[in-house]
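Peer 1: Spelled out from the first residue to the last, the chains are:
2 protein chains.
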Amino acid sequence: MWMAELAARSGYPVPTIKYYLREGLLPPGEATGATRARYDESHVRRLRLIRALTEVAGLRLETVGQVLEDLAVADSWHEAVGSAHTRLAEHDGPPATAESLARADDLLQRQGWDLAPDSPHRTVLARSLDALAALDHPMSDELLDLYAAAMRQVAAHEVDAVRSPDREASAEAAVIGTVLQEPVLLAVRRIAQENASREREG
Amino acid sequence: MWMAELAARSGYPVPTIKYYLREGLLPPGEATGATRARYDESHVRRLRLIRALTEVAGLRLETVGQVLEDLAVADSWHEAVGSAHTRLAEHDGPPATAESLARADDLLQRQGWDLAPDSPHRTVLARSLDALAALDHPMSDELLDLYAAAMRQVAAHEVDAVRSPDREASAEAAVIGTVLQEPVLLAVRRIAQENASREREG
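In order, the protein sequence lines correspond to chains A and B. Under the working numbering, residue 202 is the last one in the first sequence; the count climbs by one each step, no gaps. Under the working numbering, residue 1202 is the last one in the second sequence; the count climbs by one each step, no gaps.
Derived by calculation from the structure, the hints in this document are not laboratory data. All figures in this text were calculated on a predicted structure; none of them were measured in a lab. Heads up, some of the hints might be wrong.
Across the chosen pairs, the derived CB separations fall in these ranges [claimed, not checked]:
1. 14/A x 1019/B: 53 to 59 Å
2. 157/A x 1069/B: 38 to 44 Å
3. 95/A x 1138/B: 36 to 42 Å
4. 200/A x 1072/B: 18 to 24 Å
5. 110/A x 1097/B: 41 to 47 Å
6. 95/A x 1031/B: 45 to 51 Å
7. 99/A x 1157/B: 20 to 26 Å
8. 141/A x 1163/B: 15 to 21 Å
Note that beta-carbon positions come from the ideal geometry of N, C-alpha and C, so glycine has one too.
Based on the sequences and whatever the hints tell you, model everything.
Peer 2: What follows is the structure, encoded as structure tokens:
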């Protein structure tokens, strides 16, 4: 397809697509002359992934470039999705206490879970536990294990839903799933809480 | 206790406490002279609740005042907690489509759940479903039901954990639980996803 069709298919204006080409976020099309090139489905998919990363996940273009580089060198589907996932996490924040990091590790051990050495999720979890403890509402191990059991079932289904032989499509689905499904889960939690509260009231 | 002790116990500076007294967010103490008054545990608890609502939930003082008014007139523990809960929700946002509102209602019906007429959670849920559909990643009813089943178990435990004969303490725990436990749940979800993804990779 020509540039005009790529613009129509992706919803991006032509100048933006040209900018992404110059920045290397979008691979060049197949040249058919000095100034014309043809594009294919891989370009449409790449633009969808860029949209998911920028508009949905709120990543800066520089970080998007890193995710795309990770994707290119990933050895496996798991690694490709994992790198997109890791870039999404909030790396900035106060350091977690040793106590909360130990509690996170205990949870991982109890659940038989493992994390990549560079995974930010252990720190994010520990930091959240610190915030609760600081307000005199520490979270019990019992509730942590309940969260883990609930999320184990959910995650297995979610991961199956985003698996695809196409790494870019998988990464896009993982990004969208991580970011946009979170508000759904939280809304359902509040609905469940409202109903559990009413039941307890009798 | 005198004002100085209330300040030390609550962690709030005296001028802030005086401001809350003037604004009616904090009930007056028991006057012991023209300019002195004694305060008790109810004042410490009220200041903790104000802290949870402002610093944790990020509510403006005006909204905090509304939550406290709701609390004063609530007929039940469930109503007191529910009103704090409702004030926390994001009421601003694009209107949800009729289609997504119908899907939210279907979920409520399938789960045997009910919501208060002014509950914002139905709209918040529908709006999140719209966002997913707009990016060609509609959420399946199967996954919605899986979220519901998972959150049903979690919510029952959470609601039991915050129940207290003291309404202010319950509301404070509900606010903190809603806002500060969410990042814990989401971190555990990402950890579960990373592990489910590795398992699938084999």
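Peer 1: For each hint, tell me whether it holds in the structure or not.
Peer 2: Evaluation of the provided hints:
1. 14/A x 1019/B: 53 to 59 Å: 56 Å, holds
2. 157/A x 1069/B: 38 to 44 Å: 43 Å, holds
3. 95/A x 1138/B: 36 to 42 Å: 40 Å, holds
4. 200/A x 1072/B: 18 to 24 Å: Between residue 200/A and residue 1072/B, where Cβ atoms are some 22 Å apart, the hint holds.
5. 110/A x 1097/B: 41 to 47 Å: 42 Å, holds
6. 95/A x 1031/B: 45 to 51 Å: At 46 Å between Cβs, range holds.
7. 99/A x 1157/B: 20 to 26 Å: Because 23 Å falls inside the window, the suggested range holds.
8. 141/A x 1163/B: 15 to 21 Å: 20 Å, holds
Hint violations for this structure: none, all hints satisfied.
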